[in-house]
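Numbering (the working numbering), first residue to last: 5 to 399.
A couple of the hints might just be wrong.
[What the hints assert, rightly or not] Restraint ranges, calculated between C-beta atoms of paired labels, are given here:
#, residue 1, residue 2, range
1, 137, 46, 22 to 32 Å
2, 278, 168, 32 to 42 Å
3, 270, 229, 53 to 63 Å
4, 151, 84, 53 to 63 Å
5, 66, 241, 38 to 48 Å
6, 259, 185, 23 to 33 Å
7, 22, 352, 51 to 61 Å
8, 338, 362, 27 to 37 Å
[Said to hold, decoys possible] Simulated crosslink set (DSSO-like; lysine-lysine; CA at most 30 Å straight-line):
#, residue 1, residue 2
9, 335, 348
10, 297, 255
11, 335, 30
Derived from the structure by calculation, the hints contain no laboratory data.
Remember, it's a predicted structure, so these values are computed and weren't measured experimentally.
A virtual CB, placed ideally from N, CA and C, is assigned to each residue, including glycine.
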Amino acid sequence: MKFGFNVIDMQEYYEKNNLEEFGQLKDGAHQFDFIMQELGKNIIANIHNFKKPKNNTNFPMNNPSFAICEATEMKFNHNQKKIYKRENSVFKESIMELSSNSIMCFSNKYENYYILASHTWNEKTNSRESQGYSEKIATVSKLCLNNQHQTVAIETCCLNWFVEFYPFKYQVTSETICYCDNSMEAFYQGLSQNKKEYLDKIDLVAFFLAYGDGEFYDNFKDYDILQNIEIYIDEKYDFNHIIPNVRNYKKGIDEYCRIMDERKLKLYRDQILKLKLEINNFNLKEMQYGLSKQRIYNHLAYKLGQAMIVNSKSILGYIRMPFVLSYIKDKHNQEQKVYQEKIKKDPSLKLPPLESYPDYKEALKEKECFTYKLGQALIKANKTWYGGGVYQIAI
């Protein structure tokens with residue numbers, strides 16, 4: 005190695021152990037937090053073994069002068085500055101809110117500096133629920149810089165976001181202003197290609213600047229050479245051995261998932277079965293609703309009463325009524341005979357008691373109606389009607 009950097013090559017470890025797919029499971033871009041926490045612990049435990057970089061006198065040290073312009077030190081066109089503290093397990097930053105009706109300017113001491121990058125940390129303040137990664141990168145606002153020479157706009161999202169500006173070679177002048185304008189066409193479009201939600205403000209942390217008094221190394225063109233060069237890592241600088249045993253973690257996670265998947269699958273199957281039974285029972289009740297009335301309508305008393313009412317409306321009806329009533333009685337008796345034979349062969353075909361039907365109370369009302377009472381009166385008053393006994397076989 006040319007510079008003597010200590011190396012931990014996670015990519016090589018993942019490729020060597022066929023763990024690339026596992027490494028993308030979290031969100032496609034980051035490792036699981038618990039793995040990186042373990043790696044961090046291992047780095048701390050081995051920090052005394054890390055080697056110092058090589059003192060390479062052949063490498064020219066002609067870097068420009070760097071500076072960090074924090075948003076809180078910038079000039080603001082409002083008296084009311086909105087400054088917040090935002091932090092997580094790694095970062096703690098001071099945030100200046102740049103709303104769509106605000107303008108910020110650089111201090112005079114940064115005039116003629118080049119803007120290398122911007123640091124933003126937007127947050128959807130009116131959101132009641134925490135955003136996932138895909139929602140964060142799709143919630144954006146546009147950071148704009150304008151002076152007498154050029155205007156540049158980039159998209160910022162709801163992540164702790166550091167975006168490179170240097171390709172624009174944007175130099176700060178006394179007229180440079182910074183503002184939020186989502187109507188501008190952004191040169192940098194961010195990560196999300198999906199439908200975006202725009203915020204009317206930017207939570208700005210800082211700008212990373214460089215003064216033009218050194219070498220920017222922007223004339224290097226042979227990137228293909230760097231990409232294809234074979235890099236040898238000296239054993240004393242190789243710290244891949246402190247990478248946690250991700251392969252064993254994967255085995256443990258896979259085993260846990262297999263066990264839990266079976267349990268969850270059984271739980272889901274049981275829930276589906278329960279829902280199906282509930283649906284079937286509901287449908288059965290729906291189907292049964294009204295059946296008790298139908299049972300009443302099938303009583304001989306109701307049939308006779310209904311026939312008497314229908315046929316009493318005309319002289320012809322009165323004439324044929326005895327024959328109609330006789331036919332109804334004979335047909336009813338035949339149906340009852342067939343029914344009794346069926347349940348004798350298969351008792352499960354026996355109809356349930358009327359009391360078991362959901363509309364039983366409504367069915368009882370039908371037994372009190374005029375039609376039913378008329379048929380009952382006929383049966384009771386005329387035990388031997390038209391040459392044969394009229395009797396009721398109740399279902």
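Hint check results:
1. A hinted range of 22 to 32 Å holds for the C-beta pair residue 137 and residue 46, which are about 26 Å apart.
2. A hinted range of 32 to 42 Å for the beta carbons of residue 278 and residue 168 is inconsistent with their spacing of about 56 Å.
3. Here the CB-CB span from residue 270 to residue 229 is close to 58 Å, well matched to the stated 53 to 63 Å.
4. For the pair residue 151 and residue 84, the beta carbons lie near 25 Å from each other, so the given range of 53 to 63 Å is not met.
5. In this structure the supplied range 38 to 48 Å is violated for residue 66 paired with residue 241, their Cβ-Cβ distance being about 26 Å.
6. Here the CB-CB span from residue 259 to residue 185 is close to 53 Å, at odds with the stated 23 to 33 Å.
7. Checking the proposed 51 to 61 Å range against residue 22 and residue 352 shows it holds: the Cβ atoms sit about 60 Å from each other.
8. Checked against the given bound of 27 to 37 Å, the beta carbons of residue 338 and residue 362, roughly 30 Å apart, stay inside it.
9. A threshold of 30 Å between alpha carbons decides the hint, and for residue 335 with residue 348 the separation of about 20 Å falls inside it, so the pair holds.
10. Among the hinted pairs, residue 297 with residue 255 is inconsistent with the structure: their alpha-carbon atoms are about 64 Å apart, more than 30 Å.
11. Among the hinted pairs, residue 335 with residue 30 is inconsistent with the structure: their alpha-carbon atoms are about 74 Å apart, more than 30 Å.
Of the hints listed earlier, those the structure fails to meet are numbers 2, 4, 5, 6, 10, 11, in rising order.
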